[in-house]
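If you read the sequences in order, they're chains Z and A.
Counting from 1, one number per residue, gives the positions in the first sequence under this note's numbering.
Counting from 128, one number per residue, gives the positions in the second sequence under this note's numbering.
To be clear, the hints were calculated from the coordinates, so they are not data collected in a lab.
Just so you know, these numbers come straight off a predicted model, no measurement behind them.
Cβ atoms here follow ideal geometry from the backbone N, Cα and C, with glycine treated the same way.
Just to be clear, a hint being listed does not mean it is correct.
Unchecked claim - Not the full set, but computed from the structure, chain Z residues with beta-carbon under 8 Å of chain A:
no.	residue
1	V8
2	T9
3	W24
4	A75
5	P83
6	S88
7	P106
8	Q114
What the hints assert, rightly or not - Each pair of labels, with its calculated beta carbon distance range:
no.	chain 1	residue 1	chain 2	residue 2	range
9	A	V199	Z	G107	55 to 63 Å
10	A	R839	Z	G107	39 to 47 Å
11	Z	V36	A	A233	43 to 51 Å
12	Z	E125	A	A373	57 to 65 Å
13	Z	G107	A	F790	26 to 34 Å
14	Z	G107	A	R181	40 to 48 Å
15	Z	T9	A	A233	31 to 39 Å
16	A	E617	Z	G107	41 to 49 Å
17	A	K329	Z	V36	32 to 40 Å
18	A	P343	Z	E105	39 to 47 Å
19	Z	T2	A	R215	25 to 33 Å
20	A	R181	Z	A11	39 to 47 Å
To be verified - Covered stretches of chain A (in silico footprint by chain Z; criterion: 3 or more residues with CB under 8 Å from a CB of chain Z, positions within the stretch not fixed):
no.	region
21	248-260
22	318-328
23	424-435
24	454-467
25	487-495
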Amino acid sequence: MTPDQIFVTFAGLAAAVGVAWFFWFKRSEGVKASTVSDGYQEVMILVKGGYTPDTIRVTAGRPVRLLFRREETAACSEQVVLPDFGKSAALPTGTVVPVEFMSGEPGEHEFTCQMGMLRGRILVEAS
Amino acid sequence: MEAATSNATMTDTTTMGVTDMDATLSPLLKRDLQPATAAPVDASPTEDRRAEYRTLMRKWWFGAAVGVPTMVLSYPWLIPGLRDVFPRDSEQLWWLWAAMGVASLAVIVYSGSQFFTGAWEALRHRSANMHTLIAIGTGTAWIYSTVALLFPQLFPSAAMTDVYYDVTVVVTALVVLGMAMEVKARGRTSEAIEKLIGLQPKTARVVRAGVETEIPVEAVVVGDIVVVRPGSKIPVDGIVVEGASAVDESMITGESMPVAKGADDEVIGATMNTTGSLRFRATKVGADTALATIVRMVGDAQASKVPIQRIVDVVSGYFTPTVVILSILGFVIWYDFGPAPAFTYATIVAVTTLIIACPCALGMATPMSLTTGVGLAASHGILIRSGDALQAAKKLDTIVLDKTGTITVGRPAVTDVVPRPGFEIEDILAFAAAAERDSEHPLAAAIVDGATERGLTPLQPVRFEAVPGHGIRAWIGERQVLVGKQAFLESAGIDVAALETDAARLADEGKTPVFVALDDQAAGVIAIADPVKSDSRAAIAALRKLGLQVVMITGDNRRTAEAIASRVGVERVLAEVLPQDKAHEVRKLQLEGRTVAMVGDGINDAPALAQADVGFAIGTGTDVAIEASDVTLISGSLHGVVSAIEISRATMRNVYQNLFGAFVYNGIGLPVALGVLYPFLGLLLSPILAALAMSFSSVTVISNANRLKRFRLQEVSA
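Please construct the entire structure, taking both the sequences and the accompanying hints into account.
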């Protein structure tokens, strides 16, 4: 092996490991939903190439209201689905769409676009 | 269903304008404050989609306009006339390529911007998608070409300094075209729901203060008397108070024959009145109408997930980063072991790998078929609640039909009254009717109607005791009346032996014998029969043709049940089942290892519907949101069940085809792009072909889903 081949090999392997770590092994802490006066735990989620914030922490057993606001026209994100809660909503561009559900037992749930390309997590924590 | 579902609150997709955003955050502005007559139907993203399509098409034309000359001019030495004008290593060629570099940058900025912004947004969320792959692929090709053009001295051989601007431009253009076609095809998959929304009439004629006025349909309130002229649409749901007509309900129920309507009949909003005039009292308006509920249910079902997609979701979560890793490894292997110029080959392989991978085909495979299938079902008056129901319906092997209202019309009528010597027909009928007049049992209504038809007025009982599923005991004036099954009278110590022969004969004719005792004396038998629906036999034959074992469940005695079963061609009968035991019988069938569907009316049969693997509520009219059912059939025909199962199977077949296609495409495309064929056949895929294949694969998935719309239901003739 020539020096450049050795360099490319190591750099490539490092890049591959870096990609795996970046996408799979680092998770954000998430945003804690704030409780509003009607008792709902509310979070505003921006839909643009992904969900911001994409990790929502809520307290178990209390109602949750996620307010989705889509700011793009890419067809990918026009639906949001919360399969574990049996909820879904169409998200017209530039409109705030509330999705309400009971947080239920502590655990982790996903919300995605219909094709599963954009993903977010709801972490239900014990109160 | 997940446990969490049961305690979920309402599905609320109330929408508000951008300017209301701050107000939305205020808990005061809630759904409750909206008027009850709010527009029934959510704004659909059709307009968004049209705009998106137009933008993408403009981007495609720009990309194509630059792409064609770029393709030709990238290899001028291959083209006779150009060979002399732009010879290799000439200054003219350098300038030509430089111009192409600028033009392709313009394509990246205009046509391909969404790939880069999309990739960046995804990266910020630590995720990767199609945009990531295309952005890295086209970006790499452009950077490589530009470096080769500006700093050729960095490359050891001249052969490595060819440019690949054509890859950047053509790949961008083709993928954009693919996206445009995808947007268009996605629009088609949701046509069904848009068609439903379009059924909603705009205005209604109502009587206000004695005057007939035309008002917007949103202004109709419950209790309004609505006037429907011949040939006009029925605006909201209601009950006819006056007039007679035939109404074409095909758009809602899927039933092609117009239905006769008279006083006290239910009319469904958005159906078409034919020749007569009707006046009806509005009972459901706005978001409560059958149409609005159907639109909501179809929308929810289309957005739900087929269970198999959970597996796909896991795969697609790992897919895109895996492709990036594969392309890096491909680069390394080609650099280390590939032919010279290694760097060029390695770059091409890495770029091709990124471009051929199609996470979209994988992601769209299931939702597209589901959306089309659920929409197709809705156009036949079949409301499939969720992807779970669809997948379960495919696996069915047994179908349990509730007799009353499903196989039969559900309106039993008195056919015979056989008195014991010493008793009068009129007495038996009149006292039985008096006993049953406050009962809700369907047979009770038949007896009361039978008495009324014969000019008898049932007396008011002093008191009565109903024993559900068995009979009723009532005290009328001085007399005590028992009406019910043979066992019920016997348990009260009444000797019914004298009635047994008649009862047996009636039962053999498929009629239900009801025993009547007056003052502890067996008085006679009333025979009640519920006529079999004209198309039941054909529908049951069709169900058997689908490979299902058909089971009839009924509270009737075995003889009656078997007489009807043999008439309609049912092989297995569960007779004398009490209403509360129906769910238990379904459970017993499931314990036999069967996957069981239950077809019933959604109210009495609710527990059995819920117990079954798939519950079909049949003939629900405007009451479409039956909680216990997985599938609601708006019309009363059993053919709906046949169609529902056929559509579910076709949809699931489509889902599997799409998933198979998507997996096979990526499973073959990725290794080929990585060059596994090169050592054997010397074959290496060009990035441009990869882009073509990639665009084609996602369009194929959607086209296959759209093919479902042309699915023909099995013709069942009565």
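Structure-based check of each hint:
Given the 8 Å rule on beta carbons, the hint for V8/Z holds: about 5 Å separates it from the nearest Cβ of chain A. Against a cut-off of 8 Å between C-beta atoms, the interface hint on T9/Z holds, since the closest Cβ of chain A lies about 5 Å away. Because the closest C-beta pair between W24/Z and chain A is about 7 Å apart, less than 8 Å, the hint holds. Contact between A75/Z and chain A, as hinted, is supported at the beta carbon level, the nearest pair being about 5 Å apart and thus within 8 Å.
Given hint, P83/Z at the interface with chain A, holds; its Cβ is 5 Å from that chain's nearest Cβ, closer than 8 Å. Interface restraint check for S88/Z: the shortest CB-CB distance to chain A comes to about 3 Å, inside 8 Å, so the restraint holds. Contact between P106/Z and chain A, as hinted, is not supported at the beta carbon level, the nearest pair being about 11 Å apart and thus beyond 8 Å. Taken as an interface hint, Q114/Z checks out: its beta carbon lies about 5 Å from the nearest beta carbon of chain A, inside 8 Å.
At roughly 59 Å, the beta-carbon separation of V199/A and G107/Z lies within the given 55 to 63 Å, and the hint holds. The hinted window of 39 to 47 Å between R839/A and G107/Z holds, with their beta carbons roughly 44 Å apart. Under the hint 43 to 51 Å, the C-beta atoms of V36/Z and A233/A, about 48 Å apart, fit the expected range. The hint said 57 to 65 Å for the Cβ distance between E125/Z and A373/A, and at roughly 60 Å that hint holds.
Distance hint check: the CB atoms of G107/Z and F790/A are about 30 Å apart, consistent with the given range 26 to 34 Å. Checked against the hint of 40 to 48 Å, the C-beta distance between G107/Z and R181/A comes to roughly 43 Å, which is consistent with it. At roughly 37 Å, the beta-carbon separation of T9/Z and A233/A lies within the given 31 to 39 Å, and the hint holds. Distance hint check for E617/A and G107/Z: the Cβ-Cβ separation is about 56 Å, which falls outside the suggested range of 41 to 49 Å.
Remark: the range hint 32 to 40 Å for K329/A to V36/Z is upheld by a beta-carbon distance near 38 Å. Roughly 46 Å separates the CB atoms of P343/A and E105/Z, a value that falls within the hinted 39 to 47 Å. One distance hint, 25 to 33 Å for the beta-carbon pair T2/Z and R215/A, holds here, with the actual separation near 28 Å. Look at R181/A against A11/Z: about 43 Å separates their beta carbons, and that is inside 39 to 47 Å.
Three residues within the 8 Å Cβ limit are the bar, and the region 248-260 of chain A against chain Z gives 10, so the coverage statement holds. As drawn, the region 318-328 of chain A meets chain Z at 0 residues by the rule of a beta-carbon pair under 8 Å; below three, the given contact is violated. Three residues within the 8 Å Cβ limit are the bar, and the region 424-435 of chain A against chain Z gives 5, so the coverage statement holds. Evaluation of the coverage hint for the region 454-467 of chain A: fulfilled, as 6 residues show C-beta separations to chain Z shorter than 8 Å, against a requirement of three.
Chain Z is given as covering the region 487-495 of chain A, and this holds because 4 residues of the stretch bring a CB closer than 8 Å to a CB of that chain, at least three being needed.
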